[in-house]
Amino acid sequence: MNITAKFEVRYLQFLDPHGKALQALPGFAHDPRILVSLYRWMALMRAYDAKAIALQRTGQLGTFASMLGNEAIEAGVGSAMARDDVLLVTYRENGAQLMRGVTLKELFLYWGGDERGSDYAGPRRDFPVCITIAAHATHAVGVAYAMKLRREPRVAVCALGDGATSKGDFYEGLNAAGVWKLPLVFVVANNQWAISVPRAKQTAAHTLAQKAIAAGIEGLQVDGNDVIAVRHAMEQALAKARAGGGPTLIEALAYRLADHTTADDASRYRSPDELAEAWKLEPLVRLRAHLMESGAWDKSKEDALLRECNAQVQAAAQAYLDTPPPAAAQMFDHLYAQLPAALARQRAAALGNE
Amino acid sequence: MNITAKFEVRYLQFLDPHGKALQALPGFAHDPRILVSLYRWMALMRAYDAKAIALQRTGQLGTFASMLGNEAIEAGVGSAMARDDVLLVTYRENGAQLMRGVTLKELFLYWGGDERGSDYAGPRRDFPVCITIAAHATHAVGVAYAMKLRREPRVAVCALGDGATSKGDFYEGLNAAGVWKLPLVFVVANNQWAISVPRAKQTAAHTLAQKAIAAGIEGLQVDGNDVIAVRHAMEQALAKARAGGGPTLIEALAYRLADHTTADDASRYRSPDELAEAWKLEPLVRLRAHLMESGAWDKSKEDALLRECNAQVQAAAQAYLDTPPPAAAQMFDHLYAQLPAALARQRAAALGNE
Amino acid sequence: MAQITLVEAINLALKGEMERDPGVVVLGEDVGVDGGVFRATLGLTERFGPERVIDTPLAEALIAGMAIGMSVEGLKPVAEIQFSGFAYTTIDQILNHAGRMRHRTQGRLSCPMVLRMPCGAGIHAPEHHSESPEAMYAHIPGIRVVYPSSPRRAYGLLLAAIRDPDPVVFLEPTRLYRLFKEEVADSGEAMALDACFTLREGSDVTLVGWGGMIPEALAAADELAEQGVAAEVIDVATLKPLDMETILGSVAKTGRCIVATEAPRTCSFASEIAARLAEEALLNLLAPVQRVTGYDVVVPLPRLEHHYQPGKAQIVAAVKKTLAFA
Amino acid sequence: MAQITLVEAINLALKGEMERDPGVVVLGEDVGVDGGVFRATLGLTERFGPERVIDTPLAEALIAGMAIGMSVEGLKPVAEIQFSGFAYTTIDQILNHAGRMRHRTQGRLSCPMVLRMPCGAGIHAPEHHSESPEAMYAHIPGIRVVYPSSPRRAYGLLLAAIRDPDPVVFLEPTRLYRLFKEEVADSGEAMALDACFTLREGSDVTLVGWGGMIPEALAAADELAEQGVAAEVIDVATLKPLDMETILGSVAKTGRCIVATEAPRTCSFASEIAARLAEEALLNLLAPVQRVTGYDVVVPLPRLEHHYQPGKAQIVAAVKKTLAFA
Ligand SMILES: Cc1ncc(C[n+]2csc(CCOP(=O)(O)OP(=O)(O)O)c2C)c(N)n1
Ligand SMILES: Cc1ncc(C[n+]2csc(CCOP(=O)(O)OP(=O)(O)O)c2C)c(N)n1
Ligand SMILES: [Mg+2]
Ligand SMILES: [Mg+2]
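Residue numbers (the numbering used here), protein chains in the order written: chain E, 1 to 354; chain H, 1001 to 1354; chain X, 2001 to 2326; chain W, 3001 to 3326.
Mixed in with the good hints there might be a few duds.
Partial pick of chain W residues on the chain X-facing surface, computed with a CB cut under 7 Å [to be verified]:
{"#": "1", "residue": "M3136"}
{"#": "2", "residue": "L3179"}
{"#": "3", "residue": "E3279"}
{"#": "4", "residue": "L3282"}
{"#": "5", "residue": "N3284"}
{"#": "6", "residue": "L3286"}
Hints were generated in silico from the structure; no laboratory data involved.
A virtual CB, placed ideally from N, CA and C, is assigned to each residue, including glycine.
Kindly produce the complete structure, drawing on both the sequences and the hints.
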């Protein structure tokens, strides 16, 4: 038999778990301001996350999906994208959303069960959270197609999980992105679990990056606990997309350090040992060690940052809690551009029940 | 960057377009009886095909999808499968179905718009034609799962087209087959067109065989005009599956020599040159040349065969035409195992309208 | 003004609107060079190029999802699903995303898209090519459902659908694609998207239908007229949101009503209209509303198709039953 | 006999039937070690092993399609869709394949499968976790639709669904999963799949509902009783095929009827029942049938959920309106 095609999947990592550089760092990583900024964002994510869980546990927030362990992926994605790009997310991408200008209060509102939380004042064209896994992979194709058609130097970024890669729409989107060579970057946050289903049960594929081969596009794996690797891969993929080079699939390897959501109890299905091992690789410790080593960070800065983040999160939570519930009419108000006459009576009935 | 995974796609071909062996032939191909039998089936397929088109053109059959150009794929699949295996097909696999024991009359009935055509007297457990593209890829997973669960040495074979490989359920099925290492062989009859959409517009993937990489399973490409290659690849994949070795994806390269269906006019979207080139590769000529060269075939055998096939097809067509239409009640008769009381009145009304 | 068929009217509307609005794009399987399997998109590629007339891979969820993404980003996609039988994989996208994007973001984003699909029985097509799925779509909040039954209405309603700021599912009865011609002015004028069409006035009974049932209802009215029964015929071409006022007004006048659809009876749109009449017009009704529908069975393959599909005869029979009601 | 919840009754039925019939397999997302996100499949993996209690990849069309393949090959798959909001991608498989396999092959092949899914509002869940999609399924020929509302009925109807030779969509109201307990005998006895349950007798008005509306209807009946109104309460737990006789019989007695569902009103199953009553019971009706339903809007996120979901108050109000009808 002849060989008719050959492929390989590359793996990218810059920092080891102790923050030591394994190879020459990319340009941006030589600027301590950039790395510190990334670190600050990751710290804010963690503070937000903790606050959200606390609110949920005290009955002040709905079911919440923690991003614990995904912060480097979030920061890499959020920092590499341009303002005019469009981000399409699942429920676990609040970190990148924050960096894009979604406010903490909006996020709390969303998780608090209030539609107004998706009316982002900042990134007006970013998509709201897509709960139905992988459906937004096809939306991203449409967004990127529109950008390409209008010859805009913009890119769509579609973030999803390892579980999402088993779903038909993920593949349909990936394949279509290849067909039209769209300005579209898929970022798979492979946190090893889809609720209770481990990565190995999702697919027999050795990597998730190799799913790209089925679509004839570039795929690569990065260490998702290494924000430098994620950001670098994102920058390259975004630049390629902007230059007309087409889509990329980035698989970022991380670990879901929290339960799936506040409604889940991960101890039912995974071992404490595995979790403990994963904590050794976590992204904040790694970047902090690197920054401290380089002298760009110290204990007092850390303490100040934590105070700052907590205050910020606290203020946003309070603003959320102070928001009066929407009126019942809101059910009808943005259903159509204009309320159809046929719905006017139903609306009136709803108001009567208020 | 490190390389974390490597893949390659192999291509298999034994006979060149003139029937010359390009490499040592597999065992079965040294037995002229087997090759002659394959040739006879392919000739029958072609006779059936021509008759079906003639019936359609004269208003005696519904829309029909010709398998012209796919005969070697059909014969390879149909001859390699064991009786107890299960075949799941699209509308273009009548050839393999014939070899599995579906009768010509049943096929005519089906295309004539009569449900009784799918009540196969022969292969009782084979699936009926799946019109919704690629949906049967997931059915095949269920069938193969059942076989594996019951420790049966049986295999499910799912046949589909190049267009089908763009669809989510194809991928979901492929991926799941890998997860459970199922006894399942996917055969993609890549006839280069999905109605008017050429293969290159379906996907940026260089081969369709490489779609298997996304599922972590074996994929290979074969010359779909070379029945020896198709059968050999099928035999190997079936043997592997039966032995617990898991699924395989076989991409068989052929060309749709006919219109998509009798409702289509391919001259609208593809060039006569391309078609003429494709005719040079067609499967019957190739095998016939090989057989003649080896002395296993000659002109008089050919003439006798054609007469035989035509007579057989003619008789079946007549039997089909002589079949009285089903009663109106048939709409209700096998809808549920037992007609629910709630439908009894509707059934009576339908009979009243008869 | 030319005499054209329904499918030509679709084509005319598409062509005109693509000309007027550079944001309009057409996408689907075989919509490009082939012009669509029914030729609804004929000539569009030549005129507007393959970037705006997009042959997609074979993937319906992609087509719907992509249209959502495009519309959110400001394009006006008109997506074709080759047959409604292949559109069920798009329901997830329509229900969970297209119909919700505006509400979910409180008006920040929206989906001005059209999902066109041929449907209905009567052309002796293979399996899955003959269903009439309007009820499933009509159950979905946040979208519009349109089902024209004449070249003129197809033209005017498709223009309206494309211009509408919200998602529209646009059902096209294949049986009527080439059944008859009508003069259609290429005026660029859209019709209202929430008003029934009273096609014929009458005082004795109201015949309500849509899509492929309309020629049947009109033929039934002709036959009834010969027998001295004056039937009013209402085309509910815009099923959702529903203009119930027109139907109620007619039934207030006639006191009797037949609602016809070729979809399976249970949870059909005919049931919806019958329920509303029972709720809001009980005192006007001289007889129970009769639903003339398909059976609750799988639409049979062509050999039995005519036994499945209701038509003039069933409508006339229902009218007689209604008139006989004491 | 133990007092158990509805979700425990589901679990009990699954366990028992897997014990009795080695062909029964359970599949879905997180149904294995995790026991399902609602714990409906708790303990099954330990007892029957991962080959019969199958954690699938995250792919609903696969789950449905796989169940079809398994059932054709002689297994009895009970597939779980994690929430009904994620089941729309399976409608293609249910409508185009599960509901047709037997008819299409004239009885040669069939799909004895169950597709279970939690649904309904009232647990303050995120988006897509609160819809009640029964009408869409009820419109599909060739399948059964079941929607229990008590532990006992959940147990008996799930057993029946698993044993039924045809595909059954089995809807489970999340709000009732743990709302109350009932004594359930693990008798292995299945209930009939096409009979309504008359939960309470009364002569003044008939309250018809299913799923999460049943406790509301019962509470409404209590309240009405205090006011001297005797309400009959009918649980249409087996929506399709529909036992209309029980409903007609009741309405013949009471002359008044309320049909309640939390689904959006248009083309809801409440519309179907109202249409049938209007057609077949017009002379018995003393007042128009009132539909108490959700609005034709997207089910809101938790903060407004209670404004969306109809309940006791709306049912009582509808009864009063009905009684006031001259
Ligand atoms: C289509 C669909 N099916 C099922 C669910 C329920 N569900 C929510 S999250 C989840 C697991 C997702 O796993 P993954 O993609 O790895 O993302 P992660 O939660 O790990 O970030 C499931 C099954 C859903 N939201 N959408
Ligand atoms: C889900 C679905 N979408 C669309 C169609 C309409 N359709 C019928 S055949 C076909 C092309 C199929 O192409 P391919 O898979 O290459 O098979 P081939 O016809 O070439 O054998 C299309 C789009 C369908 N049958 N099913
Ligand atoms: Mg995950
Ligand atoms: Mg093809």
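To see whether the hints hold, each was checked on the structure:
Annotation: interface hint on W:M3136 holds; nearest CB of chain X at approximately 5 Å, less than 7 Å. Here the hint on W:L3179 is broken, as its CB sits about 26 Å from the closest CB of chain X, past 7 Å. For W:E3279, the suggested interface contact is upheld, since its CB lies about 5 Å from the closest CB of chain X, less than 7 Å. Because the closest C-beta pair between W:L3282 and chain X is about 4 Å apart, less than 7 Å, the hint holds.
Annotation: W:N3284 was flagged as interfacial toward chain X, and the flag is violated, the nearest CB pair being 11 Å apart, outside 7 Å. This hint is violated: W:L3286 has a C-beta 10 Å from the nearest C-beta of chain X, more than the 7 Å allowed.
Violation of the numbered hints given earlier is confined to hints 2, 5 and 6; the remaining hints are satisfied by the structure.
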